[in-house]
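Quick mapping for you: the protein sequence lines, in order, are chains A and B.
Throughout the first sequence, residue numbering follows our numbering, covering 60 to 768 in sequence.
Throughout the second sequence, residue numbering follows our numbering, covering 60 to 768 in sequence.
Note that these hints are calculated values from the structure, not bench results.
There could be a bad hint or two in this list.
It does not matter which identical chain is used: a pair holds within one copy or between any two.
No more than 30 Å apart at the CA atoms, straight line, and that leaves these computed lysine-lysine pairs for DSS-like [unchecked claim]:
id: 1; residue 1: LYS378; residue 2: LYS439
id: 2; residue 1: LYS262; residue 2: LYS150
id: 3; residue 1: LYS435; residue 2: LYS312
id: 4; residue 1: LYS435; residue 2: LYS378
id: 5; residue 1: LYS439; residue 2: LYS312
id: 6; residue 1: LYS432; residue 2: LYS405
id: 7; residue 1: LYS312; residue 2: LYS262
id: 8; residue 1: LYS291; residue 2: LYS312
id: 9; residue 1: LYS405; residue 2: LYS435
Number of protein chains: 2
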Amino acid sequence: MILRAQFPSLFLHSSRFNVVLACMLAMAPMAARRCVAQANASPYAFHNTLMPQPSSLEAGSGHFMLTADFAAATDKSHDERLDEAIERGMKRLAFETGLQFSTQPTAGAAAQFLISVDGPGEAVQSVDENESYSLTVTEQGVHLSAATDVGVMRGLATLEQLVQNDGERYFLPAVSIQDTPRFRWRGLMLDCSRHFEPISVIKRTLDGMEAVKLNVFHWHLTDDQGFRIQSKVFPLLTQLGSNGQFYTQEQAKEIVAYARARGIRVVPEFDMPGHTSSWMVGYPELASAAGPFHIQTGFGVFDPVMDPTRESTYRFLDKFVGEMAAIFPDQYMHIGGDENNGVEWKQNAQIQAFMRAHDMTTTAELQAYFNQKLEKILEKHGKRMIGWDEVLTPNLPASVTIQSWRGYEALAQAARQGHDGILSSGYYLDHMMPASTYYQVDPIPAGSTLDATERGRILGGEACMWGEYVDAEVVDSRIWPRAAAIAERLWSPQSVDNVDDMYRRLRVESLRLEALGMTQISQEDASLRTLAGRQEIAPLQVLAATLEPVDFGVRGAYSEAHHVTTQSPLDHVIDALRPDPPFRHRFSMLVEAYLKSPRGRSPQEAKLRALFEQWIAVEPRVEELMAHSPLLAEANPRPAQLAELGGIGMEALTYLSTGQAAPAGWRASQLAAIDAAEAPVALTRFDVLDPLRSMVNAVEESPGAPPVQ
Amino acid sequence: MILRAQFPSLFLHSSRFNVVLACMLAMAPMAARRCVAQANASPYAFHNTLMPQPSSLEAGSGHFMLTADFAAATDKSHDERLDEAIERGMKRLAFETGLQFSTQPTAGAAAQFLISVDGPGEAVQSVDENESYSLTVTEQGVHLSAATDVGVMRGLATLEQLVQNDGERYFLPAVSIQDTPRFRWRGLMLDCSRHFEPISVIKRTLDGMEAVKLNVFHWHLTDDQGFRIQSKVFPLLTQLGSNGQFYTQEQAKEIVAYARARGIRVVPEFDMPGHTSSWMVGYPELASAAGPFHIQTGFGVFDPVMDPTRESTYRFLDKFVGEMAAIFPDQYMHIGGDENNGVEWKQNAQIQAFMRAHDMTTTAELQAYFNQKLEKILEKHGKRMIGWDEVLTPNLPASVTIQSWRGYEALAQAARQGHDGILSSGYYLDHMMPASTYYQVDPIPAGSTLDATERGRILGGEACMWGEYVDAEVVDSRIWPRAAAIAERLWSPQSVDNVDDMYRRLRVESLRLEALGMTQISQEDASLRTLAGRQEIAPLQVLAATLEPVDFGVRGAYSEAHHVTTQSPLDHVIDALRPDPPFRHRFSMLVEAYLKSPRGRSPQEAKLRALFEQWIAVEPRVEELMAHSPLLAEANPRPAQLAELGGIGMEALTYLSTGQAAPAGWRASQLAAIDAAEAPVALTRFDVLDPLRSMVNAVEESPGAPPVQ
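I would like the entire structure built from these sequences, with the hints used as guidance.
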C-alpha cells in the first residue's frame, strides 16, 4: 500500500516499516525516536534520511545489496545530458560505498539499475518542466522511471540518499517512491555584486542545489557595488564598474550549461532602474543626475537611478537585454525594480517636467512607466519579466511575475491581480534565522483564501543569499544546510512539517553536502584555527557551538556605525560562526527531554552535567587563546559568560535532579544573568539561552521573601 | 650587524634578539625552545616564523604598530602587475589583522609602507629573474625594495609572515632582511593526467606556491591516462583522449597569467615518446604498433610509444609544439622522455629495420635519435628542452636540461657533461615521506665534488605530485604543508637545517596556507566525518592523528593486486589521512624530552599519560563508529591496536617514572607487540611506533630469565 505523506492520518498501519515512515514523515518527535529504535532492530530496515521528503513512499521488505556488479542501463530514451547525469550519480554512489563499479550507463542492456525515461525534456527547461519520477528498489534491483532527464536527476538525488549499510556492506532498502514537487519554482538567489563569488563557488552551489532538488539559480549579477557580467556591446560596464571582478560571457555560458546539466534554470537579474551605480560609472548618460559616479562600497539604498524619461535609456537597454538574452536562454529575466528612493528623479527638473507632462504625481508612477517600457523590450527579446514587489503597479502586464520580499500578503495580492509570484519573504538566509524558522514559512500558508486559480499562480519560492557579508570562504555556511530546509518546504507535501525530524535529517544532509564539496562545517573550524593561530581548537569549538551570528539588522547597524564596506575583511568571529549551529537544536531537544522527568539520574542529566562542566572548564583555555589573538579577543567576555551559564545550568540540574527547592529569588537572579548574556558581543549571540531559561523556570523555590541583596 | 644564516657560528651575540635568531635559524631544538621562552618575555620581541628562512636577517629593537592608517606607496617604478601584487598583499595583511586600511597602493606619495622597485623585470620571467629583495621594518614604517616586481612579491610574502600581536593589537617587529634565493629553479610538478585537477585547484596551488616562494609550476599535462590540454590543430587529442576532462587554451592562458602575476613560471610537460597512449586514441598514426588504443585507466608503464622513424611524427610534433609554444611563453618546454619500455619498438619490423640501417643496437639509441630531432623542433619554436633523466644520452645538445628522478649522482653526471639540471629525486610527495626527509635532500649536498661551474648548472629542484591517488579533494593534503619544507630547502641557505625548528615553523605555515585557501587540515576532518557519517568525530581524530598513509610502493602493490584504476573512488581511510600528520613529530619530540629525565612527575609525563589514556579510551568509541561504516571499518583492528599501544605506553611510563624495573622479558614482549602494529592495515601505518620503542627500550629489566610463556 502507498503511504501518502499528505495524509498522515492514514499512517497507522501494523507494518513496522510503515510505522517508522509515519514517524519520520510527520509525527511527533518522541514517536519518531521510538520508531527509529524499532527500525534499528534490523540493520536492513529502511532508515529515512531523505531530504526533501518525497510526496509518497512505500517501504517494502528486504533490500538490494550494492556490489561491484552494480551497473546502470537506459532502456528507452537516452541522450548525452542524461548519460552524464547518470554517470555523475553512479560516481557519487561509488564514492559513498567505495565500490569500483562501472559508472557509465549502457543503452538498452539489462542491468541491476534500470532507467526508463520517455525523452530528454524541454530544449530550454521551463518552469513547467516535468520533474516527477518513480523509484523502486526491490531485492532484484533498482528501477527509476521519469518523463524527462530532469526527472531522472531528481530520482538519482533520492537514490543517493537511500544508501544504508549493515556494518559490513552497503545496500538500498526496498522501497517504492512516487515523487513530484509541490512547487514548480524552487530557487536560490545569490548576490554576486556586493561580493564577487568565483566560478568554483557557483559550481559547488549548483551541486548542492541539485542534491536537494532546487531548480532555479537566480543570479543577482548587477547592483550598486559591482557590475559582474561582461557586455561586449557596452564594455565599460565591467571595465569601470566591476573592479575587475566579473564573469566573462564564456563563464556565464559555462554556468548555464553546468546548471542545465543538473536540471537547474539560470535566471539572471539586472537590477534597474535603481541599484545601478555600477552601470553609471562607465555610462553616466543613463543616469538621472550629473555624476560623477563610483562603485559603491557601502551598503543600503543609494540615489543613482536610471533616467526613464530619455529614449536613449531604452535604446541602451534594448541592446543590452538583447545581448544578455543570447547568453541566458531561460524564459525569464529578472529586472530587480526594488528600492528606488526617487531622490534623483525629484531633483531633476527635466524629469519633473516629464512627469508633469505625463500627469504623473509620484515617482512610483514614473517607475511604472519605466517598467512597462522595459517589459516591451524583454518581450521583444523573448523574455518574461520578473521583478521584486515594487514592480507591481497598475497597468503592469499580467505576464510579469512578482518576487515578494515583503511577504505572503503582497504575493496573494499579486495573484489576485493575475500575476504569477514567488515568495522570498521569510527565506532571506542573510537574516541568520534558524532552519526551523524558514521551514515554517509557506508560499501558500494554511488558511490562505486564494482560490484554486490564484493558488496556481504561486509558482514557489526562493531562498535569498544577499552578499553584504559573504565571500567565497563564508558563503557556504550561510547557504547550507539551511537552504535544504527551504528546499524541502518547496518540494515536499505541506503536511511534512515536523521540525525535529527535519533537523534529524538536516544533520545527515549537511554531511552529504560537505561530501559534495560544500564547506559549511569545515570552514568554521578552519576559520577558528586561523583566528586562534593554532591547530588545536577544541576549547574554542565548545564556545563556538553555543554562539551564532547576530541577525542582519544588528549587523547592519554595526556596519553603518563602523563604516564597514565591501572591502572590509570578513575575518571576525561572526564570520567564522555558523548560523543555526547543530548544537542549538540538539541542546534544546536535550533540555526538553530532561525536563520531562528531571528527578533522579538519567542519561539526559549526565549529558547536561558533562556539557555544563565543559562550559566552565574551557573558560581559561579560550581566554588563553584570546590573549594571543586580538581578533579572537573581540569576543570577550563570551568565555566568562559561558562559564557563568554553565554554573547556572549546574545549579539548576542539582535542584531539579534532587527535587530540592532553591532559595527564594534564585530564579529571578539566574534569569537576570541569562538576560545579561543576551547582549551581542562582537556580533555574536548565544544560542543556548532559552533552554537554560526553561531549566531555571522549572526549579521550585522555597516560599518566603528573597534574601536581601 | 647582519646575522647571516650561512654562518651560524657568528650567531653568538649578546643581544637577546640575536640569540633568538641564532636559535631559530640553525641551532639545536633545546636551545631554540629556551630562546623562545626568553623572547616571549616581551610581547614585542621578534618571533621568527618565517618560511622559508631569509638568507640574512637582523632583528632590530622596537616595532611598527599596524593601524587603519597603514597604506602602501611605490616611489620608483610601478606597473599594473606590481600594483595588483601589492593590493593582494595588503588585502592579506588586512585579513590577518582585521584592519580596514586602504589596500590599493598610491604612486609616489609618502606612506607607512614604501615600495621601491627598479622596474617590472623580464617580459617573460626567466630562470635568471632577479628575485632578491630587502625589507626593513622600523618604528617609523616599512620599506621594501627590489630590482623587479617578482622581488617585491617575495618580500610581500615575507612581510605577511612577520605579523605578530601583543594580545590587543597587531604589529611588525623591527627587522632588516636581505634575501636572495639559493637556487633559481624552485618548482612544483603537478600531474593532471592521471587525475584531472580543476582550475580552482591549480589556482589555489599557485597561491600556496607564492606564499612559500616557489617559482616554477611544472604542469604535467599529458600521459597515458589523459590528454589534458586543448589542441585546435589536433582536436582529437582531447576529444578522444581526455574523457572530456581537459583545459581549454583560454584556461591554460588564464593559468599562465595567474602564475605570472605571482612571479611563477609555467613549464608545460608533454611526455613523449612513451606515456603517450592518450595521444594515440585520436592519432594512431603516431604509434609504433597497430592499435587500437585506449586511454589507460591503470597505472605503471605501458607499451604505446611514438614511432620515431617516420617523418610524419615530426611534422605532427612540429605543428603541436608550435601551437603550444604560443600558449606557454616560458623558455622551457618539458618533453618528459621517461619510462619508454621499448617493447613496441622491438616488435615493429619497420622500426627494427630503421635501427639496423642507422647502426642502432638499443632502443635507447633510437630514443636519443628522437630526442635530437625533437630538440631541433623545440629550438625552432624558441624553446629550451627539459626532460627526465632518460633523455641524457650521448650527442644530446648541452642546452638540454635534465630533471632527475634517479638521484643526485645522475644530476651531477649531467652537470659534468655540461647540462643544467634540477633535482626531483627525494622530492616525490606521492612517496608519502615526512617533511623532514624531503628537507634533508639537497640538490648540491655537502660533500659534492662538483666544481663551481658545474654547481652553477644545478638550477634547483622540484617537488613532484604524481596523480595516481590524488583528486581535487585530497591533493592539498598531499602537497601541503610538506612542499613548504622543500621550498625552504631550495630558497634558504644550506645551513638552515634544524628539523625541529622547521617543524615548529611548518605548523604555523600550514595554518597560513589554509587561510589562503588550501584545505590540507580541513579536508581530513571533512573526510573523517563523511567516513563516519557523523558530525562529531573527536575519537576518530585521536586515532587519525596516530596514522598516516602507507608509502607509494605499498599502495602501488595493493592497487595492482586490487585492480585500482583512475576511476576508483578515493574515499578510503588512507585518502582521509594526512601524510606526516603534525602529531607524528610532536609525539616524537615529547617522548624525546621525557626520556631526558623520566624519573618523577613532569609535564611531559602528564602529557604522555593523558595521551595514552586517550588511546585506550577511544577504542570502543571508534569501534562503534566503524560498526556503522564499512568504509571506516576497513581500518580495523587499528582502534584495538592503538589501545594496546596506549597500554604499552602506560606501563613504560610507570616503570620509567618510578624507576622500577620491569620483569625480565618485558621489553621483548612489548617490542614484539609494537612490531605487530607495523603491518599495514587498510593502507595505513602508525606514526608513533619509533618513539614508543624508545620508551620501551629505556625501561630497565630485572635480571634473570624471562618468565615461561
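**OP:** Mind listing which of the numbered hints don't hold for this structure, in increasing order?
**Re:** none
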